[in-house]
Amino acid sequence: MSKPRLGVFKFSSCDGCQLSLLDCEDELLAVAGVIDIAYFPEATRADDVGHYDIAFIEGSVTTPHEAEMIQDIRARSTALITLGACATSGGIQALKNGADTAAFIDAVYAHPEYIDTLDTATPISDHVTVDFELRGCPISKHQLIELVAATLVGRTPQTPAHATCIDCKLAGHVCVMVTQGTPCLGPVTHAGCGALCPGYARGCYGCFGPKETANTASLTAQLAVNGADRRQIHRLLQTFNANAPEFRQEAENHD
Amino acid sequence: MTDKIIKVDMLARVEGEGAFKVVVRDGKIVGTEFRIFEPPRFFEAFLQGRDHTEAPDITARICGICPVAYQMSSVHAMEMALGITVDGPLRDLRRLLYCGEWIESHVLHAAMLHAPDFLGYAGAIEMAKDGHGDVVKLALEYKKAGNAIVSFIGGREIHPINVRVGGFYKVPRKADFAPLREQLLRARDLAETFVDWTASFDFPDKERDYTMVSLAHGTEYPMNEGRVVSNKGLDIAVTDWPAHFREDHVAHSNALQGFMVDGGAYLCGPVSRFNNAYDQLSDRAKAAAQRVGLPRDCKNPYRSITVRAVESLYAVDEALRIIDTYEEPDAPFVDYAPRAGIGMAATEAPRGLLFHRYELTEDGSIKTAQIVPPTSQNQPSIEQDLQSFIADILDRPDAEILHLCEQTIRNYDPCISCATHFLELDIDRA
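Residue numbers (my numbering), protein chains in the order written: chain E, 1 to 255; chain A, 1 to 430.
Excised from the complex, chain A in its bound form (with noise of 0.2 Å):
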């Protein structure tokens, strides 16, 4: 059993299609494939020739499970690209409509795709069925909040209606959020429970020094703009990305790879967030992942799933905080006139730095358009984990293999929708 394919040709329990094999030859693992067969749909040469306004609907089709990431990048480097300014409530409801998405997402995967990982089960389903059901259920409920954020600023769950370029086409009155934030608060005594429970479970002993890049912002954790840092000293404006990231097209994916410009994998998400921008969580986010061992310096990715369940409570925390703050603004949008030029912005997807850059012509119409997406920035740092983690059990039985595999890819909540333009494991002994 020196030489062996270990393989998945469907990988479950991810947004979209994908693959993975890892290859071992003597004893050694020769190659890591993290496959993205999810078919290309070609957003970036369909946006040519439309009106910028159509960008934060077109695009949130990408993905139906951050649909708000998006909208958001793509208004950002619209109103660049225009030369305005959204700030006061309008940025705060974009940050509050985030701050939903951020907890609808995140418990998702947390509770439905991830934990059966660390509980042995196929799905959640399986898992409420055999003595976990009221976990299940809390989890479910909390989503529910999240969702409900997003519907009640957005219009709907999944591709909400009311984001426009300057905006929103609607805004909410003050005395509107009271049942809204009566299911906040009943939402964070299950976000507190969340943490610990995540927290539980038995973790693999492994990590790596990853290079962690994530927006960062002074005064606020970064969601939807700042300076794109990494915990090795990079920081540059948003508008530098080109000159130091770049994508890569390789045989085995729809989805272009995203590296460094020196060649260096790189790790966006949860834990990059955590790490680069620990200081700006809020009290009560900070103290569960004190109660609960998290170290502010994690560098084990299974714990992962520990780092959405305390990003969760703080987009709680946070959209309780824009609640209260609320004061209604004088227009729902900015108003302008459609320019030529060029816009980029990044902000911060749950699992991910999400970057577009368009060119507008003087009519206000899309020139091009570049959208590099977080599953697409992480798929070397995957294959990487798959090489590094693995080599020590390449002796178990292939089902074990497979199961540490699936667990590794899984701690990114990899979007393989969003990255095609991205799974299946195969582990190839020969």
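The shape of chain E in the complex, shown without the other chains (with noise of 0.2 Å):
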């Protein structure tokens, strides 16, 4: 049996996702041994073009060239799946929504008419059927790995949807909202950092999104309890997957 094509695509994005293969110092070259590395510019010169078992898509949708670019990946993969909060949400770019693109645009350039942009940064699923959703910003190489192993024997990855506040809760850690008022997106954010923050005596940020059936209104509540006001959770809500609609619809409460 011939070894699975892999295709490694970026759209907009910070690189950090893509980096996180390159950063499995450990199983790298094991993953090179049962995997064809086709396409990964980040990589490698090698430009395989044709048809991918699986194509990893890092970024989201911000420009007409890449709305026009992932229908054609769409075409030529088996298996598509979202690397990290840009590609799965919309990631820090879509701050943008809803927003004034001209008056962007303006802020950062000064020739307004080089800048080709949509006004919008959206998740690849608002443009293609994604097959699986890796969240995370940045992903958690443990994760990257289970998903490898996973889509390489064709079972679904164990990448549990849990709040983050179980994994705390398991790690033992301290809680930073009940003992010290610390705002945290723990409760309503999807598991697989291992509850990186509150372990550094920090409020959760939500980076790896909204688990299922959040209840961001019930946090929020308890948020303005503590002191928190409506711009504070606002701000809260508003970073890596602002687009994220149960973090975006909170927000928008707390305008």
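If you are wondering where the hints come from, they were derived from the structure by calculation, not from laboratory data.
Given the structure is predicted, the values throughout are model-derived calculations rather than measurements.
You can take every hint at face value.
Coverage of chain A stretches by chain E, computed from C-beta distances (three or more under 8 Å per stretch; other residues unrestricted):
no.	segment
1	46-53
2	131-141
3	242-255
Using N, Cα and C, we set each Cβ at its ideal position, and we do this for glycine too.
Hints are included, so try docking the two chains, each in its own frame, into the full complex.
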């Protein structure tokens, strides 16, 4: 049997999620032994176009060219998998959604006429069918290896959809919200980081996006009881998964 | 064959999306373009109205390869605006974190992205499968030690979570450093071997008289702070940056291009630091540079791969020095009250000087933000290198010209995600 062909594609993003693959120092060469890395421009000049058994997509769609490119990649791929918050929910650049794009261009560039950009940053699933979404800003290396291993044998990756809050309890961290009144998105945020921030005495800032059936309204009510004002709550929900519906809608309730 | 276009539409083994084009008419180069088509993400626009405390986490997302650089330049700029000073063990921990990023980023670039140019492979995995497996494994093990530092101090390798304005959320205990220290002692041997390996390549015999700009600090190799200096006599405070440097917006790039106010191109990054601050390297790093014949006034940009290896060895040494002298601070951060103000800072990202400037309102919200990344500053130099270094090989086959162009651009370890607010080779011979 021939090795499955992998393509790694970048849309609007910071490169951090695809870098996670190169950061798997212990596993990289083993992975390269069982997968044919056909297209991965960050790592190799090899430019093997054609059909991909697995396509990893990093980044969100923010330009007319990207909107065309994702259709082409979908048509050439068996399993299309998004890596990280940008591809899965739009990423930090989705903060431009609803803002005045012309004003944004003016704020950064002297010649707005040179810039070709859409008014929105949108997740890949807004454009094509996505077979699996890996969360995180950035993704977890361990989840990436689990994803690769599961995909190779054709099973569903084990990436629990419960709240970061549960992982935090399992890790035995002292609750920063209960004991310090620190605003924390752990109760509504998808697990995956291992409750990193509370382990460092800070509140979760939601970089893995909303968990399944997140009760954001209940959480924001408690944040208000603890003294957070509307602007703080709005900012807390408007970061790396700003465009995820559960976070966006609750942020709009605090405009 | 006196007129042609030589181009690459998607430059590989760089961080982000770029291209280049060289236009040849009557056997002479009439234009070189280093294009950044990475989509703009407008960080400076959406930072407006955010709280100053959010800047380190938000600006980290400009670049997954050098998030620590963004976190460091932003916290230092904020601390100037807020009128606070962070020193002692907290300052040392910041430098330690930066050492981790230098090792991780330099070794990734040198071994995985740049070395394949010298050895004639498409990438490091192809290199590993064809007789260079041992050195690729060595590089991965070495890079892992850099990532171990970033994870230990920062919580994770990419977009660390422990950096805040004023210091850290949580600081390590002295005893917790023991496993990291052991790993770095092993990495120091790998680092010496790595310097020798990078110096064993054939280097194109090409030099240019660059204006080399870097930070300089009287007593330590530049990283978190210092004056902005050049090998041509510039010596200014960071706060005078806006009076001496400017950014231009050109049609072929989504990245602004950096120039000195007199219009001159300049070079920032490892070669500039090595030239400007050689004396501050550790004895072991200097000995390694001397052993492999790397001149202290190195002007050959292709030897930047060895300069990165020497800087990485220095970073291992410096990390061990900091760990051995670390004393736990009384508090993880310096407390302060928000206030209106203007703050500026420059730190040395692995690929060069990274300038941030913020204006804060009374409640600590960001009114304006300006970020000048190293690759923006290096774009004009990259274009001039292409112009200068391929002029004498225009009669060679296109594949050979392309290879030298790509290798030349990779000398800069361009970070295109950073620069976009940045690449495609296009040699136009009509």
